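Same order as they appear, the protein sequences are chains A, B, C and D.
Going by the numbering used here, the first sequence opens with residue 26, and the numbers climb by one from there.
Going by the numbering used here, the second sequence opens with residue 26, and the numbers climb by one from there.
Going by the numbering used here, the third sequence opens with residue 26, and the numbers climb by one from there.
Going by the numbering used here, the fourth sequence opens with residue 26, and the numbers climb by one from there.
Just so you know, these hints were derived from the structure itself, not from any lab.
Treat the numbers as computed from the prediction; the structure is a model and nothing was measured.
The C-beta atom is built at its ideal place from N, Cα and C for all residues, glycine as well.
Don't take each hint at face value.
Take a look, some chain C residues computed to stay more than 10 Å from chain A by CB distance [stated by the list, open to error]:
(1) Asn35
(2) His49
(3) Ala90
(4) Arg127
(5) Arg128
(6) Arg170
(7) Ala259
A few chain C positions that, by computed beta-carbon distances, are all more than 10 Å from chain B [what the hints assert, rightly or not]:
(8) Gly34
(9) Asn43
(10) Ala47
(11) Arg56
(12) Thr57
(13) Lys65
(14) Asp91
(15) Gly104
(16) Ser108
(17) Lys135
(18) Lys265
Covered stretches of chain D, as calculated for chain C (at least 3 residues, CB under 8 Å) [said to hold, decoys possible]:
(19) 177 to 186
(20) 272 to 284
Number of protein chains: 4
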Amino acid sequence: MKIAFIGLGNMGTPMARNLLRAGHELTVWNRTLAKAEALKSEGAKVAGSAGEAAKHAEVVITMLADDHAVESAVLDGGGVMESLPRGGTHISMSTISVALSRRLAEEHGKRGQHYITAPVFGRPEAAAAGKLFVAAAGEEAALERCMSILEAVGQRVFVIGDKPEMANVVKLSGNFLIAAVIESLGEAIALVRKYGIDPHEYVEFLTNSLFAAPVYKTYGGLIADAKPENAGFALRLGLKDIRLALAAADSVNAPLPVASLVHDHMLAGIGRGREKHDWSVLGKLAAEDAGL
Amino acid sequence: MKIAFIGLGNMGTPMARNLLRAGHELTVWNRTLAKAEALKSEGAKVAGSAGEAAKHAEVVITMLADDHAVESAVLDGGGVMESLPRGGTHISMSTISVALSRRLAEEHGKRGQHYITAPVFGRPEAAAAGKLFVAAAGEEAALERCMSILEAVGQRVFVIGDKPEMANVVKLSGNFLIAAVIESLGEAIALVRKYGIDPHEYVEFLTNSLFAAPVYKTYGGLIADAKPENAGFALRLGLKDIRLALAAADSVNAPLPVASLVHDHMLAGIGRGREKHDWSVLGKLAAEDAGL
Amino acid sequence: MKIAFIGLGNMGTPMARNLLRAGHELTVWNRTLAKAEALKSEGAKVAGSAGEAAKHAEVVITMLADDHAVESAVLDGGGVMESLPRGGTHISMSTISVALSRRLAEEHGKRGQHYITAPVFGRPEAAAAGKLFVAAAGEEAALERCMSILEAVGQRVFVIGDKPEMANVVKLSGNFLIAAVIESLGEAIALVRKYGIDPHEYVEFLTNSLFAAPVYKTYGGLIADAKPENAGFALRLGLKDIRLALAAADSVNAPLPVASLVHDHMLAGIGRGREKHDWSVLGKLAAEDAGL
Amino acid sequence: MKIAFIGLGNMGTPMARNLLRAGHELTVWNRTLAKAEALKSEGAKVAGSAGEAAKHAEVVITMLADDHAVESAVLDGGGVMESLPRGGTHISMSTISVALSRRLAEEHGKRGQHYITAPVFGRPEAAAAGKLFVAAAGEEAALERCMSILEAVGQRVFVIGDKPEMANVVKLSGNFLIAAVIESLGEAIALVRKYGIDPHEYVEFLTNSLFAAPVYKTYGGLIADAKPENAGFALRLGLKDIRLALAAADSVNAPLPVASLVHDHMLAGIGRGREKHDWSVLGKLAAEDAGL
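Starting from the given sequences, assemble the full structure and let the hints guide the process.
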């Protein structure tokens, strides 16, 4: 298929590379051009703008940092919305707000374009290995047509429902659940340390018994190491996602008390100078609050 | 070894059975005698009191419901403390408070008895299969002498440290982490349901991607099923454990904000008539608060 | 002065009446015309639109329900923004978001118009008696020119600072503090009731000792009466204001944990069917959660 | 009346002095003898122990720091419980736990002694001026006999109910409400400071409008001054009281979410080195969390 791939960050680049390997014809665009040029040798064409990339595409994939970047690439004059041909499909894989996703669904609908969402779970290493988990939503026919694309970037594709916003909600709720793990692990590790227990041995115990999940291994290790300066996913980005989860919940009158608590601790983390640290720094804040 | 086994509830009975199978000589005691009689045919002797059971034992294991039951069987006149021979060892496997564990350590020490702790993680089925996880703590020599006993009830024994209270803290913090999973899953499931997403499919997605841990499968399923009337572990018992975790944290000035929040929601659950429901009823409360 | 008064609700009508009494020349507008007509006999002119009311005014006062109503009356085509003469002043007395207030400041500035804010504290009875408290902000000269207007509606005017948004923040933080009083009083009253203490006598004690403030008297009485069906200020309006307070705080990275907690309890109140009850219904929810 | 007065701290000394002035015959006792000697010149007799002071008394008043001090003076061998004559009355004015108050009621009852509670609200200056507020509870006849005593120390006596524990609950809930004011004011002041608003002017506004209560004036001023090093009431004492309030609520299954939040912030304050600061330091923590 003729695909326009918009956004070549830590996640987008390996995803685009996997699509090239799967035999798709890619035109790529990135705000910082150098990242796009790097894919030329692997067969990608490079466009001068998001709109130009979309002009001759059957499918446009957006994998951008936030709502603002998506609005700019898609909704601004000369962007994807205006240039994608009638009948084309936009696969939104970015972590964006439910509100923006709704608006995109509406605008694409008006233009006879299709819109599906397919946010991904996993870190850059998983993206490189094609091992992401994909949560997809939208009208059935459009999802089916794009399935081979989604399967090329992920180890498994889960169809969440027929409204595009549904996958956005799943992505945001998933990030909330990760944040809840970080917060509660951080509190528990601070507690056991106060009793003289080694945090690494504690995490070893947890992740080899009831909590044998990747997310506990990753974040348990990061909190026990207590070196949040090396940000894999910066606190301010985690805060952005928690804000989106709270907004999605607020707009349907669903309280998320644990998310509220995490939100407030993240703000405190920023207030206490940890904006650029990994979001596992929540564990460090819990330790400080416990006098460690 | 000559073992006195005190407490034959849902967990204690299968654990005692596994010790008999492993070739240990067991004298058992239970407040409700019938449960003790049931083990006679498998080779156990039945004692008339906890103290009597301990009189000729090398090792006494307590697996009782709460602090009160342990105090009554161990500390009251004619109990384990008075009758266990000098040099004998008490393995406390119950989920008890750090304060009581400290007191037991002190009292046993005065009498030249040994005291180690070995609380277990897992449900009755895991106990029957000898698949519990055991977190053990206490002086090294005593732990070593008892290792074959601990291995007979669990699939893996983790040595946490040399102070008995350490394993109690690990147990309480572990139950806190389970409660945190229930609470945050309950909130997330309420949220996605508000967007029309099927809760079972959502749990299916989570537990086959980042949250592939037993605890998410068990509680995700229970919350999605929304039938908390069938209590595996009643809300009031969960509340008891969260109270012990908060007390353990409070006594070392470690804040546990997520545990405070869970504690308050559990109280609200009791206030709203769910005392005897499974503690996954937290998910039902979250749904009600979201207008579902 | 020639004043256009936009918004004649429970608060706006008595405020407009006080301005008429103080000798000002008023042109009024309200979405529901009947409320405007009622002021005719007291000397007000009635305009057909907000823009028309503002066309010949020196000062426009907006006293509307929310951001949406202000945007519609001021920013839409043919509205106040377009029709207020250069050099005219807009006094925004509504409880609106900091974000909208900033935008209004910017837009008025571009047009050579003045913009000050003057949100009020107090209930309709206080408005009728001219006993409101006014928190005003904006450039000094504009504030001075409008001081006689502000003094006509309030018993006291406090100048908060030179940026218009400052008074909006004060208003929102003030409503947050009231909500915090309701929530904590509700919890305390539920607690003492569990001990058999009469809630009215308890409130009597509090408000005649350390908590001798109007807000404790009003809300203590309402919670003790436990008849939140009679809404003075509906829960959904209280929620709106808490949302604005949280948004104002979030945008400057200031955590407000008590506001987060109140927000989540308000959502639970809506989920549990109390949307239209007085916001003192928070006390009823606290009672239910305590099993009362 | 013949009164034994036990406990001559910052509060007890001025209270005892007022009783002397009112013409009562006082025998005093204090752990640090010097403080007792100071009252000799004003007519008090000094006893060598709490028990000795109570031996010939009609009424014993305890005004001690905490549960431990009361247990030691009253329940230990040779203490007040053993030596107070049958028919004598113990007025417990200390801030103690509901659990201890119940135990005292029971023990005094067994001995044919009377037990009432009368905790006080106010700071040392108010005690000196006889301007405390007194919340009294217990059997009616005993309260009546002691009324002149209570009126000598307070500006007003409120009878809460006929069970002694009731006044303890009122005292603890009152301190919780004060802590809630400190916490929410601290958050609000941090917020307005982020918008460039002067905290003193803000407090001036609040306390001259809706929040014209002593508690807002006192704590608003302390937070705005931001000098919590000068402890009037140390954070660790505030924490003690919040712990007692939470325990009183927990034992009747009443959730106090705001108290939980305050408790966790107080622990964080201790973890961050502010144990000995005034409890208004909660406002400083809120400011730090907001990046101020």
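Is the nearest CB of chain B more than 10 Å from the CB of C:Lys65? Non-interface label on C:Lys65 holds, nearest chain B Cβ at 44 Å vs cutoff 10 Å.
Non-interface label on C:Arg56, tested against every C-beta of chain B at 10 Å: 29 Å, holds
Against chain B, does C:Ala47 hold up as non-interface, every C-beta pair farther apart than 10 Å? It holds; C:Ala47 is separated from chain B by about 46 Å at its closest Cβ, greater than 10 Å.
If you look at each residue in the segment 272 to 284 of chain D, do at least three have a Cβ nearer than 8 Å to any Cβ of chain C? Since three or more residues must qualify, the claim that chain C covers the segment 272 to 284 of chain D holds, with 10 doing so at under 8 Å.
Confirm or reject the statement that C:Arg128 sits farther than 10 Å, beta carbon to beta carbon, from all of chain A. Its Cβ never comes within 10 Å of chain A, the nearest being 17 Å, so this holds.
Are all beta-carbon distances from C:Arg127 to chain A longer than 10 Å? 18 Å, holds
Least C-beta distance between C:Gly34 and chain B, which was stated to exceed 10 Å: Check passes; 28 Å lies beyond 10 Å.
Status of C:Asp91, Cβ more than 10 Å from any chain B Cβ: 22 Å, holds
Whether C:Lys135 stays farther than 10 Å from all C-beta atoms of chain B, as the label says: At about 40 Å from chain B, C:Lys135 clears the 10 Å cut-off, so the statement holds.
Verify this for me: three or more residues of the segment 177 to 186 of chain D with a beta carbon less than 8 Å from a beta carbon of chain C. n = 4 at 8 Å, threshold three: holds.
Per the stated criterion, does the least C-beta distance between C:Thr57 and chain B lie above 10 Å, as a non-interface residue requires? Per Cβ check, C:Thr57 is outside 10 Å of chain B; nearest 30 Å; holds.
Claimed clearance of chain B by C:Lys265, with the beta carbon kept past 10 Å: 17 Å, holds
In this structure, none of the earlier numbered hints is contradicted; all agree with it.
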